[in-house]
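2 protein chains.
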Amino acid sequence: MTTHLQVVGIGAALVDVLAKVRESFVEQHPLLEKGAMTLVDAEQASHIYSSMPPSIESSGGCAANTIAGVAWLGGRGGFIGKVHRDQLGEVFGHDMHATGVTYTTPMSADGPPTGRCLIQVTPDAERTMNTFLGMSALLEPSDIDDMMIANSDILYCEGFMWDSPSARAAVLRAIDVARRAGTKVALSLNDRFCVERHLDEWKHLVSEGVDIIIGNDDEVEAFYQTSDFDKACRSAQKDADFVAVTRGAEGSTVLTRTERVEVDAITFGNVVDTTGAGDLYAAGFLFGICNSLDVATAGKLGSMTAGEVLGHPGARPARPLWQVAVSSQ
Amino acid sequence: MTTHLQVVGIGAALVDVLAKVRESFVEQHPLLEKGAMTLVDAEQASHIYSSMPPSIESSGGCAANTIAGVAWLGGRGGFIGKVHRDQLGEVFGHDMHATGVTYTTPMSADGPPTGRCLIQVTPDAERTMNTFLGMSALLEPSDIDDMMIANSDILYCEGFMWDSPSARAAVLRAIDVARRAGTKVALSLNDRFCVERHLDEWKHLVSEGVDIIIGNDDEVEAFYQTSDFDKACRSAQKDADFVAVTRGAEGSTVLTRTERVEVDAITFGNVVDTTGAGDLYAAGFLFGICNSLDVATAGKLGSMTAGEVLGHPGARPARPLWQVAVSSQ
Chain A
0 MTTHLQVVGI GAALVDVLAK VRESFVEQHP LLEKGAMTLV DAEQASHIYS
50 SMPPSIESSG GCAANTIAGV AWLGGRGGFI GKVHRDQLGE VFGHDMHATG
100 VTYTTPMSAD GPPTGRCLIQ VTPDAERTMN TFLGMSALLE PSDIDDMMIA
150 NSDILYCEGF MWDSPSARAA VLRAIDVARR AGTKVALSLN DRFCVERHLD
200 EWKHLVSEGV DIIIGNDDEV EAFYQTSDFD KACRSAQKDA DFVAVTRGAE
250 GSTVLTRTER VEVDAITFGN VVDTTGAGDL YAAGFLFGIC NSLDVATAGK
300 LGSMTAGEVL GHPGARPARP LWQVAVSSQ
Chain B
0 MTTHLQVVGI GAALVDVLAK VRESFVEQHP LLEKGAMTLV DAEQASHIYS
50 SMPPSIESSG GCAANTIAGV AWLGGRGGFI GKVHRDQLGE VFGHDMHATG
100 VTYTTPMSAD GPPTGRCLIQ VTPDAERTMN TFLGMSALLE PSDIDDMMIA
150 NSDILYCEGF MWDSPSARAA VLRAIDVARR AGTKVALSLN DRFCVERHLD
200 EWKHLVSEGV DIIIGNDDEV EAFYQTSDFD KACRSAQKDA DFVAVTRGAE
250 GSTVLTRTER VEVDAITFGN VVDTTGAGDL YAAGFLFGIC NSLDVATAGK
300 LGSMTAGEVL GHPGARPARP LWQVAVSSQ
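Just so you know, the sequences run in chain order A and B.
Just so you know, we're using numbering that gives the first Met the number 0 here: the first sequence kicks off at 0 and counts up by one.
Just so you know, we're using numbering that gives the first Met the number 0 here: the second sequence kicks off at 0 and counts up by one.
The following block holds chain A by itself, in its conformation from the complex (with noise of 0.2 angstroms):
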């Protein structure tokens, strides 16, 4: 018997290398285009970790912290994702399942190494990245835990896994195996280069069913093909049960098929790095989802997960989650 998740994400397995940069390092690198996510080969990911600083590592993948989010929370969350039997592996391995989530896609013996993002942090704590996908690209059809998917109430798929094809043959699967099992779809835009390069794909895809769209508010223009946020919102509500926009310091706008609240942002002291805020905040709003929250609720969980990210430097929360709560009392 499989156990029944609340939310099985599907997409990079990544370790992220973190340093503190000054802004002129971002604007005089040639391989680094700021705020971004860049893909990069094996060769410049190393020409670019050559010249960083000091650096520290944790664990990483817009998808994989999402769902190491939703086990914060007390959650049942699950991930399908793909590392290579080597260190940084067994890094992520030990992070996901050390948050308790079900982590089951096998390890690979050959082929690249882990997958790595490098990361630089400008004193206005945006963050700039450079991922080499390694072994996380050669994720397979056959590496999908169909069971998995169909006993989860959401599928969150990761929108960089369509930039390898046979990740993007893999999240297919997916989506097809949840389909036919009644589990919602959930799609993250996640960066506006992405949506470019698959814009066509992903319209098709929508047009077809997915649930729930998770994106900022660049990406969601850039879906839409629109500089009015609010048309974009309007088109979106078309498209999906719930649509969850962030908008940075400004909170978020999240809409069902007929409402649309804006939600504020949550900080808890001084924001030191934005690394992964936008994927806790995806954590805490499909968390509402599976629990059955209205949307104003889901996006106010979105805000304090994301929140709670912000304060410290690495994309996943650092705190255990009492004393959030009691923080704040």
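Hints are computed from structural coordinates only; laboratory data are not their basis.
The reader is advised that the hints may include incorrect statements.
What the hints assert, rightly or not - Derived DEER-like restraints, expressed as beta-carbon distance ranges:
| # | chain 1 | residue 1 | chain 2 | residue 2 | range |
| --- | --- | --- | --- | --- | --- |
| 1 | A | D263 | B | G208 | 47 to 53 angstroms |
| 2 | B | D145 | A | P52 | 49 to 55 angstroms |
| 3 | B | V260 | A | P122 | 51 to 57 angstroms |
All figures in this text were calculated on a predicted structure; none of them were measured in a lab.
Virtual Cβ for every residue (Gly too), placed ideally from N, Cα, C.
On the provided structure of chain A, position chain B as indicated by the hints.
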């Protein structure tokens, strides 16, 4: 290998039978002493039960409530207490396991039934308790899991255990194991009449070393045989490294050998039932000590955990921790 636990509780394994009654019901009933916990035998319990209005049943027991609270906060808790292999015993065991508590005390196939606590909740939210200890009273030294205690940070001892010779012997063995293993010993005073019944023995116990004392103002004053609260606090500071004294709606006073801090009570909406509030306060306070928090924060955590159960009937947290966290943002 035994899992390392943060708090192991030893106490009565009871199922609460909870009814809302009018003030006059408690005033007029010869076996009820308002606000107190009175021990009754099987026949008296049956007599009270027959006069009670329709009730709800939920797992209870002072130390058991505390340990459930530790688990609710995300901590690792263990419990030692005895039930009969009957329906209420199954309910008790189920609820402990479902809360994530390590609970392995063997059920007994013969002897008295599982203990129960008949609780009358009056409109002022005060609870009046009559406990039929049943199988709980027959906890024996051989039921003590020495390894569980030795692998725990704190052993939390329910004062009511001294009301039964067999359970008293069991708790004394547990304390002996704890002292030899370096596990901190915490004593819950539980009830002012209980303090009066066991004053001499507890005085001796404390003189031999108790690390943590928890009780309410009445109980601590009874223990130090004074009606001067400040004097009682000063005496308690000499006796234990950590002391927490609850004072109902006024909050609590937490003390170390050198500090004294007043902590506000926390409520979430209306106070409807004070059952379990002291037990859950202890959960937060002990969990805080385990996490090396300063006593003020440990006390605040106690206030929050207690506050959670004040808002609904029953002695254990009814809503998930994330809900408390988000509701206060």
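To see whether the hints hold, each was checked on the structure:
1. At about 51 angstroms, the CB distance of D263/A to G208/B agrees with the hint of 47 to 53 angstroms.
2. For D145/B and P52/A, the hinted distance range of 49 to 55 angstroms is satisfied, since their beta carbons lie about 51 angstroms from each other.
3. Look at V260/B against P122/A: about 38 angstroms separates their beta carbons, and that is not inside 51 to 57 angstroms.
Checked against the numbered hints listed earlier, the structure breaks hint 3 alone; every other hint is satisfied.
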